[in-house]
Structures are given as structure tokens and as C-alpha cells.
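Visitor: Protein chains in written order, with UniProt numbering: chain A, 1 to 209; chain B, 1 to 209.
The hints are simulated quantities; they were obtained by calculation from the structure and are not laboratory data. Take the hints with a grain of salt, since some may be wrong.
Stated by the list, open to error - For the chain A half of the interface with chain B, some residues (derived, Cβ under 7 Å), not all of them:
1. L129
2. E133
3. R137
4. V146
5. I147
6. R150
7. M151
8. W161
9. Y166
10. R179
11. A182
12. A186
13. G195
14. L197
15. E207
16. T209
As the list claims (entries may be wrong) - Restraint ranges, calculated between C-beta atoms of paired labels, are given here:
17. L173(A) / Q141(B): 45 to 55 Å
18. G59(B) / H160(A): 48 to 58 Å
19. D27(A) / Q63(B): 54 to 64 Å
20. L62(B) / P127(A): 48 to 58 Å
21. Q63(B) / H160(A): 24 to 34 Å
22. H52(B) / V36(A): 46 to 56 Å
Yeah, the Cβ is synthetic: ideal placement off N, Cα and C, and Gly gets one too.
One-letter residues, chain by chain:
2 protein chains.
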Amino acid sequence: MDRTGLLIILSSPSGAGKSTLARRLMDWDASLRFSVSATTRPPRPGEVDGQHYHFTTPGAFLQMVEQGQMLEYAEVFGNLYGSPRAPVEAAMRDGRDTLFDVDWQGGQQIRASALGGHVVSIFVLPPSLPELERRLRARGQDSDAVIAGRMRKSRDEISHWAEYHYVLVNDDLDETEHRLRAILTAERLRRERQGELGRFVKALMEEET
Amino acid sequence: MDRTGLLIILSSPSGAGKSTLARRLMDWDASLRFSVSATTRPPRPGEVDGQHYHFTTPGAFLQMVEQGQMLEYAEVFGNLYGSPRAPVEAAMRDGRDTLFDVDWQGGQQIRASALGGHVVSIFVLPPSLPELERRLRARGQDSDAVIAGRMRKSRDEISHWAEYHYVLVNDDLDETEHRLRAILTAERLRRERQGELGRFVKALMEEET
Chain A
1 MDRTGLLIIL
11 SSPSGAGKST
21 LARRLMDWDA
31 SLRFSVSATT
41 RPPRPGEVDG
51 QHYHFTTPGA
61 FLQMVEQGQM
71 LEYAEVFGNL
81 YGSPRAPVEA
91 AMRDGRDTLF
101 DVDWQGGQQI
111 RASALGGHVV
121 SIFVLPPSLP
131 ELERRLRARG
141 QDSDAVIAGR
151 MRKSRDEISH
161 WAEYHYVLVN
171 DDLDETEHRL
181 RAILTAERLR
191 RERQGELGRF
201 VKALMEEET
Chain B
1 MDRTGLLIIL
11 SSPSGAGKST
21 LARRLMDWDA
31 SLRFSVSATT
41 RPPRPGEVDG
51 QHYHFTTPGA
61 FLQMVEQGQM
71 LEYAEVFGNL
81 YGSPRAPVEA
91 AMRDGRDTLF
101 DVDWQGGQQI
111 RASALGGHVV
121 SIFVLPPSLP
131 ELERRLRARG
141 QDSDAVIAGR
151 MRKSRDEISH
161 WAEYHYVLVN
171 DDLDETEHRL
181 RAILTAERLR
191 RERQGELGRF
201 VKALMEEET
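If we strip away everything but chain A, and leave its shape as in the complex, we get (with noise of 0.2 Å):
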């Protein structure tokens, strides 16, 4: 196996179902690895560290940063996130594709990195404002002020989505994770990204028939 692993950027405005997609997509395929960020943020109730995020120290981020060791990282609410480099590179050496759930921010510096060659972006929109602001809301985590905040954030990802190499509208959670499935079956079979078609050709081209 001499493919080389693809980055898959997934960004939405939050609300707009691409936690359960990336999940839906880590169940499909065992093959995908998850790129877990780091964040200086607190964990909230259930989340596990090393499973939902990485929880560091700023001292601890900001050292990785210096050392070249973020892939990307931005400050959301006054907390800093980020995507570790040598667990993607790992995995590109070994064939397997990792996907990002990352915002604008991240998107823009990985498709910048040494590594965008390699990077397939899917921009996930809401069917509607109004929708999203619901389904922020049915959460019941947040407060109106937060819910606000997120809303305005919401405006700003959602401005960004011409960056991306594929849009999709999120109106069904199936329809879209059987279009997310494509987009990575489709991807794969680019033929730059199959390393060993050149051989295999190779072999066929001298078979005695």
C-alpha cells in the first residue's frame, strides 16, 4: 500500500448536524481516523480526554504551536483549539484518511499547510437560520446570550463556504451522510490518489494472453 492518506475537512456552522455526520462517517468506515484537537477550553459534563478533545494547559498549546507541532489552531471564545500534526502525518504514511471537524479558521490554514495537496474540504449548510437557532436551542446546554453568540458565529462560518471543494445542504441526516460517503468513495478513486494503479497497469500491460 503505497497510498497516502487524505486530510477531510468537514466545517458547519454549529447546530448543523456535523458531530453526529463525522460520527456517522468514523462508524462507516473503520478505516478513517479522527483527528482529536487539543483546547484549553474546561471539558463539559461527559466529555473524555483523548476521545472529545485533547484538554491541555495554554502553556502546554502554546509550546506545541512554537515547536511546529499544530497543524492549525484559533482562538473561539476565548479558548485556544487545535489539530495535532504528527497523529495525521502518522496516518497518511499508512494509507488512512483522517477527518477534521474544524471551523473556517482551521480549514484555511491546513488547505495553506505543506499538507493541502492532500486535503479534501466539505462544507456542511443548514437548511435555514431560523432551523439552526432551533437546534441550538433543543440542545438546552446554553443560555440566550450564548445562544446569540453562536448564532453570530454561525453568520460568520457560514460566509466562508466558497472555500470549500464540496457544499452540501444538511435538510436529511441520511441523504446527507450517503452524499458524505460518496464524496470520500468518489475521492479515493481519483487517480492520483491510488499509488498503486501505476504498477498494477505496469503488471497488466505485460500479462501473455
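Given the structure of chain A, go ahead and fit chain B onto it with the hints provided.
Guide: The following block gives chain B in isolation, referenced to the frame of chain A:
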């Protein structure tokens, strides 16, 4: 609908399953239009004019070429084959994709044409050359000499695999059909292929919440 239809080019050596796959794609997606080639070769038993080919005379064929009415054309085994341009342009305007069953010469000419930016090209490889020869013989249509000629042409065709966007090895028809569907589904979700998205996002951002 202001989406422009795609030109889906399917190439492969004869006997690799291309015609079966094209038929299955047409059955799957009623909006897909098959580009019926014009040809100067006589009909084989069971072939219907206007459905399998537009059977035409060399004179009428060359007149279409001179008038720029062929998107591509080539001579194969002494007969002329070509793809009439007008129905393709009509389908594009209607937002319908057109499926082309053409060889590498046709693929090159369509990609190099003014419509080349709308092309998605797919090459289907056989799992092996002895298997390809076995499939050609199983048809029971051709003499040994004709089969030897087809095998030479197959090697010539395969040598052009690296000119295509996607490459599939057809070792299982159902799986290859599934992959072709994924490629069409994904290509239609590419941002630049969704003409109506800009308006959708504009309307989304103007919504009161």
C-alpha cells in the same frame, strides 16, 4: 435550475464491462442522457438506429465534421465514429449530464474542446488481460483474428489510463457500479457545479432569526 450539465466520459478496453456499466448508470439516473454516437459502420444484428448508434454514410458524417457538428470523432477498424455536439449542448443547458461511451481518442478530443471544463472522465480497467480475452470470446461474435485485433486495441486503450480523472478496476460489476454512482453523486456536489448555491446562501444569510 442554473446548473450546467456535466460530460461524463467512460472509457475502457472492449470487454471490460463498459457498456453494461453505462446501461446500469442510465437505469439508476433517469436524468442522465446517453450520447448516441454516429457511425459509418453497418448495423450488427439487433442494433437499432438512433438507439445504439446513428447509422450514417461517410458523406453525411464528413459533412457534420466540416460543419463543426462533431464534438469528437475517430476512425476505428476502418469505420468512422463520432459524438454529435448539438444534443450535448442542449442537455448542458437543461442541467442534465451526458454519458459518453468513447475511446481514448474521443476522451482526448472532448477534454480539449471548449466544453472540456465540464468533463468528468473515468477509465475502467479489466482485472487482467486473460480475463478480458475470455470475456471477448464468451460473446461468441468474433473470429480469432478479430479477437486478436481487439486485444491489440485493448492494450493501446489501456496505455491511456493516466489521462483520466478517475480509474476503476472492474473485478466486480456491482461494486464498480456502486463506485460510478459515488463519482457522479460527488461530482455534482462540488461547489462550482452547484449554480444555485450562491443564491441559496445569500437568502440564508438574510433570514431573520
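Visitor: Per the CB criterion, is E207(A) less than 7 Å away from chain B?
Guide: Holds. Min distance 4 Å.
Visitor: Under 7 Å is the threshold here; is the Cβ of E133(A) close enough to any Cβ of chain B for the hint to stand?
Guide: Hint holds; E133(A) Cβ to chain B Cβ min 5 Å, cut 7 Å.
Visitor: Using Cβ atoms only, decide whether A186(A) comes closer than 7 Å to chain B, and label the hint accordingly.
Guide: holds (4 Å)
Visitor: Quick check on the hint: A182(A) CB to chain B CB, less than 7 Å?
Guide: holds (4 Å)
Visitor: Tell me if the interface restraint on R150(A) is satisfied: Cβ within less than 7 Å of some Cβ in chain B.
Guide: Violated - the Cβ of R150(A) stays beyond 7 Å from chain B, reaching only about 11 Å at its closest.
Visitor: With a cut-off of 7 Å, does the beta carbon of I147(A) approach a beta carbon of chain B closely enough for the hint to hold?
Guide: violated (10 Å)
Visitor: With 7 Å as the cut and Cβ atoms as the points, is W161(A) at the interface with chain B?
Guide: OK, holds: W161(A) within 7 Å of chain B, min 6 Å.
Visitor: Given the range 54 to 64 Å, decide if the beta-carbon distance of D27(A) to Q63(B) lies inside it.
Guide: holds (58 Å)
Visitor: Should the hint that T209(A) touches chain B count as held when the rule is a Cβ pair under 7 Å?
Guide: holds (5 Å)
Visitor: Can we keep the G195(A) interface hint, with Cβ of chain B closer than 7 Å?
Guide: This interface hint is violated because 12 Å lies over the 7 Å limit.
Visitor: Quick check on the hint: L197(A) CB to chain B CB, less than 7 Å?
Guide: holds (6 Å)
Visitor: Does R179(A) pass the interface check with chain B, least Cβ-Cβ distance below 7 Å?
Guide: holds (6 Å)
Hint check: violations occur at hints 3, 4, 5, 6, 13 and 21; the rest are consistent with the structure.
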